[in-house]
Amino acid sequence: MSIPVYILKRILQAIPLLFIISVMSFVMLAFSPIDPLASLKANPSISQTTIDAEKRRLGLDKPPVVQYFYWVTSVMRGELGVSTTGGSVTALLFQRAGNTALLGIFTLIFTWLIAIPAGIYAAINRNTWVDKTFGILTAIGMSMPTFLMALLMLMFALQTKSLPIGGITSPDFFAMGLLDQIKDVTMHLVIPTAVLTFVGLAAIQRQMRGNLLEVLRDEYVRTARAKGLPEQRVIYVHALRNAINPLITLLGFEFATLLSGAALTETVVAYPGLGRLTLEAVLTKDMNLVMASLMLGAVMLILGNLFADVLLKLVDPRIVLE
Amino acid sequence: MRELAKNSGLGLVYAVCSDKHLVQCKLAFPIDDKDHSHHRAGNCLPVKLFAFLFCIPIILTSCGIQFAELLSSGNCRKPSSVMQRESIKSVEDTISKPPYPGDFKLVTRGSGNNIEELWQSRGEVGRFGGTFHTAVFGAGPKTFNCWDSRDVESAGIGQLIYEPLVDIDPWTAKVYPRLARSIKIGSNGKEYTVVLRRGLKWSDGKPITADDVIFTYNTIIKKGFGNTSSRDVMLVKGEFPEITKLDDLTVRFKTKVPFAPLLTRLGFAIAPKHAMEKVTQEPVDRFHAFWDVNSDPRQIVASGPFKIDRYVPGQRVEFVRNPNYAMVDKKGRRLPYLDKFVYSIVPDQNTILLKFYANEIDFLDVRSIRGSDASLIKQRERTGNFKLYNLGPDDGCVFLILNMARRTDPKTGKFYVPHPYQDWFNNKYFRLAISHAVDRKRIVDNILRGVGFQLFTAESLAAVYLNKSLKPYPQDLQLAAQLLEEGRFKKKGERLYDAQGNPVEFTLNTNAGNTARDGVCVMVQNDLKKLGIKVNYQAVDFNILIDKTNNSLDWQSIVMGLSGDRLEPNDGANVWKSDGRLHMFDQRLPNAKGETIVTDARDWEKEIDRCFDDGATTLDVTKRHKFYDRFQQIVYDEQSYIYLYTMLLLTAMKDWVGNYLPTPLGIGSTPRGSLHNLEEIYLKSDRH
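The listed protein sequences correspond, in order, to chains A and B.
Quick note on numbering: the first sequence equals residues 84 to 405 in my numbering.
Quick note on numbering: the second sequence equals residues 8 to 695 in my numbering.
Just so you know, the hints here were simulated from the structure itself, not pulled from any lab data.
Treat the hints with caution; some may be incorrect.
[To be verified] Covered by chain A, according to a simulated footprint, are these stretches of chain B (three or more residues, beta-carbon under 8 Å): (1) 142 to 154; (2) 292 to 299; (3) 321 to 335; (4) 357 to 367; (5) 473 to 483; (6) 570 to 582.
None of these values were measured; they are calculated from a predicted model.
All C-beta atoms, glycine included, are put in the ideal place defined by N, C-alpha and C.
Just need the whole structure built from these sequences, with the hints factored in.
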């Protein structure tokens, strides 16, 4: 099967998948015992008529099936509806998507730039102290909760007075020149990027190390060495090519997380990203916003996988697309 | 997903997923899964375990951070907390009471048609310029249309950018004119004549006139645009006051009977007619999208000291000074002093604190300081260039209620609260016994760490109408046991039984995720155990809790909190009138038509109803006091709400900010918060 046909097929397959995901998400949300009007109801200064009006406005007086039908038809028309707070969901997502993508891309670049060489180095120098140090570091990254890590980084920033605490821009951002603006955003990105990189490092570094070790034990590597190829060539050309495949799949998954964000980290470092937006929306059962966000995540995951599979085919011609 | 996997310690999830996926992709060469995982497990797991144990101290020492500080901002109790509580106690004694600065003076400028009447501010003369930074905990404003606001933050923004006709003096609690020059009350309290100041201008230069006032009350509020609660609180015996324009600057409010809360209702923000008239000619729904968070905030016409300059979603709201603000300082210079007022939106309370320590923000408002953080903040006061202010008790309260509903559910025909629970909860002695058995002092000392007050009355300790003759009482288990005996309960061995021989046992709920309330419930459980009452405590989600109290009525007892109003007791009518929407201890549900019909009000409930009706229609403060005192006495005697505690309000301001004069009465909605005189707040020097 040629690549374009394969892509088309996968896209067609994605449509029923998205439909099922949307039904499942909607059902779970609709039956979650969260009352979007709870905070209004618990406020003594809000009258019953206000609550009823809100209920009608949000369509909560209709049964869930009807609500879903409304949602689907409006999505078909390309409208994602309005959030309970009144703003258009599309606008809300766009406001945040850029920030999350920025953080995601930075994290992706740093994670991979560090993890891949570190994995290779660890595999080649297996069981040396460098390998073990990496082992400890990645294990810390794996086991440490992100919110704690983020909080520690913020305290570090406070102690050293070197980095801004939270947010993505300084209050006087709009009065700065372009260069200062870039510098300001970069400074704000250091902490969240560091946290997410540190946390994401482990999986890729371990995977790279494992794969490479495996490949290095293969017969053809021994053959290559036996026929007198330089070690550099054996590792970086012959072995690495074959060890990289699982990582491409991993890259597909990473791509999916680009826009779904990291809600906990975003919350702690007050980063205005999609993850935080979604979390806040779930807590108030902001149906349209949560649904849009979940669907965005699903689409990104499907695209990421497709992207990874196609890339895999390009990298490794032995793979048969079906 | 990346984050979730890591947080649950499932770092391996990734590798496993990717392997499976590769198989699906039909790899031409096989991967030996077993060897793979063995290899990883052999090398990684012990290391991981090691790291899990040691990672935190390693990183901490490398950062040079006091770990204790982090932990103690949570809910754990340290042995040294006794010492810390001492330092807080000294704060308790020093509720911020800046001396009364006197009344505002009216300054008249210009002549002929250009006469301008300006208020002269009361604080010290400050210095112009600079940006004031603060932070608000939460997810950000929901709307900039303050007539449509339903949350504190949106309402607080309204208080920053709009002036009301009148406001309440933060020192004396008296109503004083703001946009108005004077208010005259005539014809036995049924007529209010409001005269506006001359020469007032909106931020876009258009004059503020009686038309704006009429528009606000007769169109926006009366016709139900936005939050209809403001219409409902204006109703006097179901009727909206008659509001007429007498001339360009004079408006008359007329009610059929005297209505005391009306004076504070004149404190609604006045809307700019020229900017909003168009949207009120459209269907009511459209009003919701008008000036919402997606609109350009610079189009919003303001009358307050500031106008919105920019909203950076999820990050901050920036305000700039309104050049037409009609107030001057003692040198006759037009306020506000500050060029900009910026508040950051921070979804995590620890982060707000760190921002404050790092001088990124100048001010921590009442909602930013948790009681558990107070002692640590106090310790940092000396080195941190700031001062902690004590604003006394909050006007909210936390209470325990028992479900006293005696009716049957019309849908199922069953009792909302089955026997014998119904009989216990309706037994006055039972409620009194519980109230006497709960150790409120221990709750305040141990859970609130001294940063709170025991509460026994329906009006909060901060309230102007507090009935001071109702005395607090300590925990008295003997008295409680006696009361139970009088209520015909009997203790056999370790358990309490009612007259029919049923062992006394009920469920106690509170909202999950609130560690303080969680602790309170466990304490109540232990205290009642001493009486032989078995309490099954269960925390449920806040939304579920509200569903229980508002719809299903399927609950037995609940620990919950409600916000209050320190100035206007009538705002509690929703809670206290027998057909009230939050009459939680015996909630009457509206019928299909949306009417709430009360058929089974107890005598004392009827008396409370009368107290509220009479209190609302009496203007004389002393007479009003009598009605609300009586109401509190009834609640104190009946214990239909068993009040437990209220929080202490704390704020912290950096030393380089001048004219910060917080008073317990001058607390508005955040972000305005305790900055009641924001227009005269200034920066003494450039910070740091």
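Right, here's what the structure says about each hint:
| no. | hint | in the structure |
| --- | --- | --- |
| 1 | 142 to 154 | holds (count 3) |
| 2 | 292 to 299 | holds (count 4) |
| 3 | 321 to 335 | holds (count 4) |
| 4 | 357 to 367 | holds (count 7) |
| 5 | 473 to 483 | violated (count 0) |
| 6 | 570 to 582 | holds (count 7) |
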